[in-house]
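Using the hints, position chain R against chain U.
There are 2 protein chains.
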Amino acid sequence: MDIKHDIVSKAQDAKNASRETASLSPSRKKEILMAMAVAVEKARDKIIFENSVDVEAAKESGLGQALVERLTLDGQRIAAMASAIREIAALPDPVGDVVSEWIAPSGIKIKKVRVPLGVVGMIYESRPNVTADASALCIKSGNAVILRGGTEAINSNHAIVRTLLAAGHEAGLPDGAIQFVETADRAAIIELIKLDKLVDLIIPRGSEAMIRFVREHAIVPVLAHGKGLCHTYIDKSADLAMARKIVFNAKCQRPGVCNAMETLLVHKAVAKDFLPDMCAVYSSAGVEVRGCAVTASIVPDVIKASDEDWSTEYLDMKVSVKVVTSIEEALGHINIYGSGHSEAIVTDDEVAAKKFMEEVDAAAVFHNASTRLHDGGSFGLGAEIGISTQKLHARGTMGARELTTTKFLVYGGGHIRE
Amino acid sequence: MDIKHDIVSKAQDAKNASRETASLSPSRKKEILMAMAVAVEKARDKIIFENSVDVEAAKESGLGQALVERLTLDGQRIAAMASAIREIAALPDPVGDVVSEWIAPSGIKIKKVRVPLGVVGMIYESRPNVTADASALCIKSGNAVILRGGTEAINSNHAIVRTLLAAGHEAGLPDGAIQFVETADRAAIIELIKLDKLVDLIIPRGSEAMIRFVREHAIVPVLAHGKGLCHTYIDKSADLAMARKIVFNAKCQRPGVCNAMETLLVHKAVAKDFLPDMCAVYSSAGVEVRGCAVTASIVPDVIKASDEDWSTEYLDMKVSVKVVTSIEEALGHINIYGSGHSEAIVTDDEVAAKKFMEEVDAAAVFHNASTRLHDGGSFGLGAEIGISTQKLHARGTMGARELTTTKFLVYGGGHIRE
Chain U
1 MDIKHDIVSK AQDAKNASRE TASLSPSRKK EILMAMAVAV EKARDKIIFE
51 NSVDVEAAKE SGLGQALVER LTLDGQRIAA MASAIREIAA LPDPVGDVVS
101 EWIAPSGIKI KKVRVPLGVV GMIYESRPNV TADASALCIK SGNAVILRGG
151 TEAINSNHAI VRTLLAAGHE AGLPDGAIQF VETADRAAII ELIKLDKLVD
201 LIIPRGSEAM IRFVREHAIV PVLAHGKGLC HTYIDKSADL AMARKIVFNA
251 KCQRPGVCNA METLLVHKAV AKDFLPDMCA VYSSAGVEVR GCAVTASIVP
301 DVIKASDEDW STEYLDMKVS VKVVTSIEEA LGHINIYGSG HSEAIVTDDE
351 VAAKKFMEEV DAAAVFHNAS TRLHDGGSFG LGAEIGISTQ KLHARGTMGA
401 RELTTTKFLV YGGGHIRE
Chain R
1 MDIKHDIVSK AQDAKNASRE TASLSPSRKK EILMAMAVAV EKARDKIIFE
51 NSVDVEAAKE SGLGQALVER LTLDGQRIAA MASAIREIAA LPDPVGDVVS
101 EWIAPSGIKI KKVRVPLGVV GMIYESRPNV TADASALCIK SGNAVILRGG
151 TEAINSNHAI VRTLLAAGHE AGLPDGAIQF VETADRAAII ELIKLDKLVD
201 LIIPRGSEAM IRFVREHAIV PVLAHGKGLC HTYIDKSADL AMARKIVFNA
251 KCQRPGVCNA METLLVHKAV AKDFLPDMCA VYSSAGVEVR GCAVTASIVP
301 DVIKASDEDW STEYLDMKVS VKVVTSIEEA LGHINIYGSG HSEAIVTDDE
351 VAAKKFMEEV DAAAVFHNAS TRLHDGGSFG LGAEIGISTQ KLHARGTMGA
401 RELTTTKFLV YGGGHIRE
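The listed protein sequences derive, respectively, from chains U and R. Numbering-wise, the first sequence is residues 1 to 418 according to the working numbering. Numbering-wise, the second sequence is residues 1 to 418 according to the working numbering.
To be clear, the hints were calculated from the coordinates, so they are not data collected in a lab. This one's a predicted model, so the numbers in the text were calculated from it and none came from an experiment. Using N, Cα and C, we set each Cβ at its ideal position, and we do this for glycine too. Mixed in with the good hints, there may be bad ones.
So the derived label-pair ranges between C-beta atoms look like this [to be verified]:
no.	chain 1	residue 1	chain 2	residue 2	range
1	U	326	R	212	27 to 37 angstroms
2	R	28	U	92	36 to 46 angstroms
3	U	38	R	254	21 to 31 angstroms
4	U	380	R	245	19 to 29 angstroms
5	U	49	R	97	45 to 55 angstroms
6	U	8	R	172	22 to 32 angstroms
7	R	301	U	8	42 to 52 angstroms
8	R	216	U	38	42 to 52 angstroms
9	U	96	R	236	41 to 51 angstroms
With a straight-line Cα cutoff of 25 angstroms, these simulated DSS-like cross-link-like pairs (lysine-lysine) come out [unchecked claim]:
no.	chain 1	residue 1	chain 2	residue 2
10	R	109	U	354
11	U	355	R	236
12	U	194	U	245
13	R	236	U	109
Computed list of chain R residues with no C-beta within reach of chain U, every gap over 12 angstroms [claimed, not checked]:
no.	residue
14	3
15	59
16	65
17	415
Next up, chain U with everything else stripped away, as it sits in the complex (with noise of 0.2 angstroms):
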C-alpha cells in the first residue's frame, strides 16, 4: 500500500510538472542542461564513491564480469556523461517542429507538429549512465520522467539524480520533473506500468526477463529496449580481410553491450579460408569460440556448441560460430534466432548484399560494417535513450525527437463536415 502511495504520487507530480516542462523555451532546456553536465563533472567524486558501493556489493553478489563491466564508472566515463548531456543540449529542439503542413480540398489548414509525450516511464538495469542520458533526453524532449533504475546501481543512480535536480533547479527546471523511484522491490513497477492516466509510454531497457515482465504487465504503452542477439554472415564474396576486422570489432571492443556480435555465420566456400586464422585471433583476445560441428571440423580445439548457444545473448568474451552452406540459410537462421537488433553482412556481391538487407527483419541491417556502429552516436544523431528492437514508434537508436508524439492543428472558417 506504501508503495502503491508512493508510486502514484510520484506519478502524479510528474504529470504536474510535464505541462510546465511542454512549455519550457528551447534556450531554457539548454541552460538547464548546460547546468546539469558541469553539476556532473563537479560530483564527480562523490558519484565514483556512491558507484563503488554498488560495484563492490555487486561483485560480492556474484554478478557477472561483464555486467560489473557495464556497472563501473570511472573518470572517463563521467565525463562522457557530462559531454553526452553537452551534446543533447546542442541537438536542435524538437518541440513545436512542424512535421508537415497543407490546406485540405475543404479549405481546412492543418499542421502536424510535435509536442512531447508528456510522462516517460524508464525501467532499466546496470549502465548508471542511463540515468543521465534519460533525464537530459526527456527535458530536451518537454517530457517529466520517472526513472527506475536496478537495484545494483541504486547508490550510482541517487547520486546522479541529486546531482542533475540540484544543477537543474537552480536553471529553471520545474518541480517535479524527474522523479527517481528509490525502492528496490518490483511492486513499484507493477504500480508504475498500470498508471495509464499518469504515464504515457513505459520505456524497458534490460534483460529479456524483466522486459517480458513489463510487456505483460503494462497497460501504459511500452518501448522495449530488449536485447541484441546479432549476427554476421561472413557471405562467400567477402573480402575475408575486412571480414576479420569487422567480427572482431562487432564481438571485442566492448562485449557487454546490445549491439556486440554474438553468433558468426560464415559460408562454407569460405570458411577454411577464414575460420583457422579467425579462431586463432579471437583465442589470443581471450574470446571462447563456441562452434558448430563443421566449425569443430576445421578448427578443432573450438567447443562444440549446443542448440543453447545459437539462442544465448552472451554479452561477453564468447561467441558462437555456425558454417551455413548458403545466404539462405544464413537468413533463416537470423530469422530464427536474430532478436531485430543488428544483423551485418560482408561480402562485395552487391546482389546478395541486396537481398540480406531487404531481407533481414531488424532494426538495423549493416553491409561490410560492425554491428557495434549501432547507435545514435556512431550514426551521427547525437545521443540516445536507447536502441529499440520493437517495430512501433520508433524503432533502432532512438533520441530525443522519439520522444515526441505529433498533434494536428486544424484551422477552419466555419468549416463543418457536409
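Here is chain R on its own, set in the frame of chain U:
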C-alpha cells in the same frame, strides 16, 4: 484448446504470408485492390442480405439506435466501401520510401526506409466497412491482417471477407494474407493479443471496455482507437452564427461516430445570447440537451446534467452543455473529461485560439471548425484505418503510412567502432 489452436494457426499463416505481402510490387497491390473494389460492388446484394441478418438480430437484442445505424449497410454504404478501396489503391505506396538518408561523420552511409510492420491484428466492433478498409490499408502497406470484428456484425464481415479474398487471390494476393476470426468467443481475443512472436501490432477500435480489456491482456503492442469524448468551446469572442453552424454539425451530422461532439462549453459572457436559440435548434432536431445549473437557469426546459454526463460518450442525439467562466475553466474541463480525440474552439480572438490549441492535449484541435472534420478523408489523406487516441506511433487519423515501420540500412567499407 481448439480456439487457441485456431488462433495460433491463423497467426502463423498470416506471418508466413507477411513475407510475401512485404515484397508485392506497388502495381500488383494496386491491381489486387482494384479487383477487390469491383468485387465488393458486384457482391452488393449478397452483402446487404447478410447484413440484414445481423441488423435484425441486433434490433431483437435491443442494441441502441446509434449502434444499429452504425451496423446497417445499404447500397450507398457499399458503394462508399468500394470507393474507399479505390482511394486506398490510388494512394502513394509507403513501402520502400526513403524517410531520410545521410552520411555519418564516421563515413558510413545510412538510409532510413519504410517497411511493413508484418502482421496487424484488428479488433473492432459494429461498423462492417472497417473490414474492407482495414484489409485494403494493410495490403497497401504490405502487411498481413487478422480481422476480429464484432459478433453483432459477423455475417456482414464474413461476407465482405469472402468477397475480398476471392477477388484478391485471383489478382495475386498471397494465401493467408487476410485472416478472419469467426468465433464469437472472447477467448480468441486473449489468444491473439498474446502472440508477440507472430503478431506485430494490435489495433482495438471500439468501446472503452473492449479497449481496456485488450490493453490489460495484450503482450503485442497496442494502438488504441479509443472513444471520442469531444468538446467544442464557444469563447466570449466567438462569431455566434458560425458557432451555431459548427456545433449543430458537430453533434447532428452523424452522432454515432467518435468525432461527433458530446459536450458544448459556453463562455458565460455569451451564454445568454447563444444558448436559448441553440437549445431550441437542438430540440427541434431531436437532440436531448442536458445542461449544467447555469444552463438550466437560462434555458429552463433542459434536463439537468449529472456528473456522469461530463464523462459520457453518448454516440447519440444527446448533448451536454456547460457554462464556464473563462477559457481556463474550459481547458480544465477538457483536460479532465476529454478523451484526447478531437477538441474545438470557436473564437475570433487569435490569442485565445492559440492558447487553446497549445494547451489542449488531444490528437486534433480545431479552430473555427467542426470536430467531425477529423478523419483521413476531410484531411485530404485518403481512407483511414481509424483515429488513434494514444500518443505512440500514430496519433489521430491514421492511414497506410502509419501501418509501416522503418529500418536502418547501413553501408560501410569495412567500418568498425573505434
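Here is how each hint holds up against the structure:
no.: 1; hint: U/326 / R/212: 27 to 37 angstroms; verdict: violated, 48 angstroms
no.: 2; hint: R/28 / U/92: 36 to 46 angstroms; verdict: holds, 40 angstroms
no.: 3; hint: U/38 / R/254: 21 to 31 angstroms; verdict: violated, 58 angstroms
no.: 4; hint: U/380 / R/245: 19 to 29 angstroms; verdict: violated, 51 angstroms
no.: 5; hint: U/49 / R/97: 45 to 55 angstroms; verdict: holds, 51 angstroms
no.: 6; hint: U/8 / R/172: 22 to 32 angstroms; verdict: violated, 54 angstroms
no.: 7; hint: R/301 / U/8: 42 to 52 angstroms; verdict: holds, 43 angstroms
no.: 8; hint: R/216 / U/38: 42 to 52 angstroms; verdict: holds, 45 angstroms
no.: 9; hint: U/96 / R/236: 41 to 51 angstroms; verdict: violated, 28 angstroms
no.: 10; hint: R/109 / U/354; verdict: holds, 15 angstroms
no.: 11; hint: U/355 / R/236; verdict: violated, 62 angstroms
no.: 12; hint: U/194 / U/245; verdict: violated, 46 angstroms
no.: 13; hint: R/236 / U/109; verdict: holds, 23 angstroms
no.: 14; hint: 3; verdict: holds, 20 angstroms
no.: 15; hint: 59; verdict: holds, 27 angstroms
no.: 16; hint: 65; verdict: holds, 20 angstroms
no.: 17; hint: 415; verdict: violated, 4 angstroms
In summary, the numbered hints that this structure violates are 1, 3, 4, 6, 9, 11, 12 and 17.
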